[in-house]
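**Q** Below are the chains, spelled out letter by letter.
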Amino acid sequence: MSTTQGHHARHRLDEAIHAPVRLSLVAALAQVDEAEFAHVRDTIEVTDSTLSKQAAQLEVVGYVRIRKGHVGKRPRTWLSLTPTGREALARHLDALRLIAEGPSS
Amino acid sequence: MDTDHPPITAQQARDQLDSTRTRSLGAPGDRRAHAIGAAAVGLTTGLHMATRNLVGESLYAVLSAVSIGVVIAVVLRVERVSRTVPRGARRWFWTGLATSFAVALGFVTPWLNLQAQDGPSTWPTVVSGAVVVAVPSLLAAAAIARSRP
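Protein chains in written order, with this note's numbering: chain A, 1 to 105; chain B, 1001 to 1149.
Calculated directly from the structure, the hints in this document are not laboratory data.
Heads up, some of the hints might be wrong.
[Said to hold, decoys possible] Calculated Cβ distances over 10 Å to all of chain A for the following chain B residues:
1) THR1020
2) ARG1032
3) TYR1060
4) LEU1076
5) PRO1086
6) GLY1088
7) THR1099
8) LEU1105
[Said to hold, decoys possible] Reference excerpt, derived from the structure (chain A facing chain B, CB under 7 Å, subset only):
9) ARG10
10) ASP33
11) GLU34
12) GLU36
13) THR43
14) VAL46
15) VAL60
16) PRO83
17) THR84
18) ALA88
19) ALA100
Glycine included, every Cβ here is placed at the ideal spot set by N, Cα and C.
Input sequences plus hints: build the corresponding full structure.
**A** Structure follows, in structure tokens:
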């Protein structure tokens, strides 16, 4: 019903970070200012291609920043959460907490 | 049915919340590396600023080049050994360094210049000035080291 849409906490869930891997990614990145791609991959236990794809999707919506550089001669990729991404994660977690509290939300 | 926002149960929400708490990117080693880096840069800056009146122009130019080289080497080393930048580490680092420069330019350098009018600077004077300049960066290093993952 359109009259009730927007009242339930689930309407405040962010579609961009609702998928499990993307939620794990933004939640992990929220703990640091920046993290190396390989370290993130190992921590959230995904493959290179999965992380690359999910990070790229989050970059498109402005939640994640991808920085490519070199350390010595080795190329390195760094991921960080943007301020917009942090706000989105906070709103999403608030919605999840409301839903977790029970049906009254 | 609301296809944009599929139903999610309370248990699923709790599971998702739990999944966000179990994996931590933060590493104590990274915090330690950034803290040591901030302290090293602060001490280098302090020594560089404080030796202004202790050595001649040509030697001071060499010391300046060495100081810049040390700072660059420290920054590159920290980036090489770290897999994460701890939360707030960059803000603390730059705040500490900027405050060290402000203390050097606004207080320590004028004080050392005043001291130099009475005679050549002594090592105890220079070390005191260097420590005062380094204090903000050392405090920043402590804040980085004590920050929570």
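**Q** Let me know if the C-beta of GLU34/A comes in closer than 7 Å to any C-beta of chain B, holds or violated.
**A** 4 Å, holds
**Q** Per the CB criterion, is ASP33/A less than 7 Å away from chain B?
**A** Holds, about 4 Å.
**Q** When the nearest CB of chain B is found for THR43/A, is that gap smaller than 7 Å?
**A** The hint holds - THR43/A has a Cβ within 7 Å of chain B, the shortest such distance being about 5 Å.
**Q** Hint check: is the beta carbon of PRO83/A less than 7 Å from a beta carbon of chain B?
**A** With a closest approach of 13 Å, the PRO83/A hint is violated.
**Q** Mind checking the CB of ALA100/A against every CB in chain B and telling me if the closest is under 7 Å?
**A** 4 Å, holds
**Q** Is THR1099/B truly not at the interface, in the sense that its beta carbon sits beyond 10 Å from all beta carbons of chain A?
**A** 20 Å, holds
**Q** Less than 7 Å between beta-carbons is the criterion; does VAL46/A satisfy it with respect to chain B?
**A** Since chain B brings no Cβ nearer than about 11 Å to VAL46/A, farther than 7 Å, the hint is violated.
**Q** Beyond 10 Å from every Cβ of chain A: is that where the Cβ of LEU1076/B lies?
**A** Given a closest Cβ separation of 8 Å, the condition is violated.
**Q** Holds or violated: is there a CB of chain B closer than 7 Å to the CB of ARG10/A?
**A** Holds. Min distance 5 Å.
**Q** At a threshold of 7 Å, is the proposed contact between GLU36/A and chain B supported by beta-carbon distances?
**A** 5 Å, holds
**Q** Could you check that no beta carbon of chain A comes within 10 Å of the beta carbon of PRO1086/B?
**A** Non-interface label on PRO1086/B violated, nearest chain A Cβ at 6 Å vs cutoff 10 Å.
**Q** Are all beta-carbon distances from TYR1060/B to chain A longer than 10 Å?
**A** 32 Å, holds
In summary, the structure is inconsistent with hints 1, 4, 5, 6, 14, 15, 16, 17 and 18 from the numbered list given earlier, while agreeing with the others.
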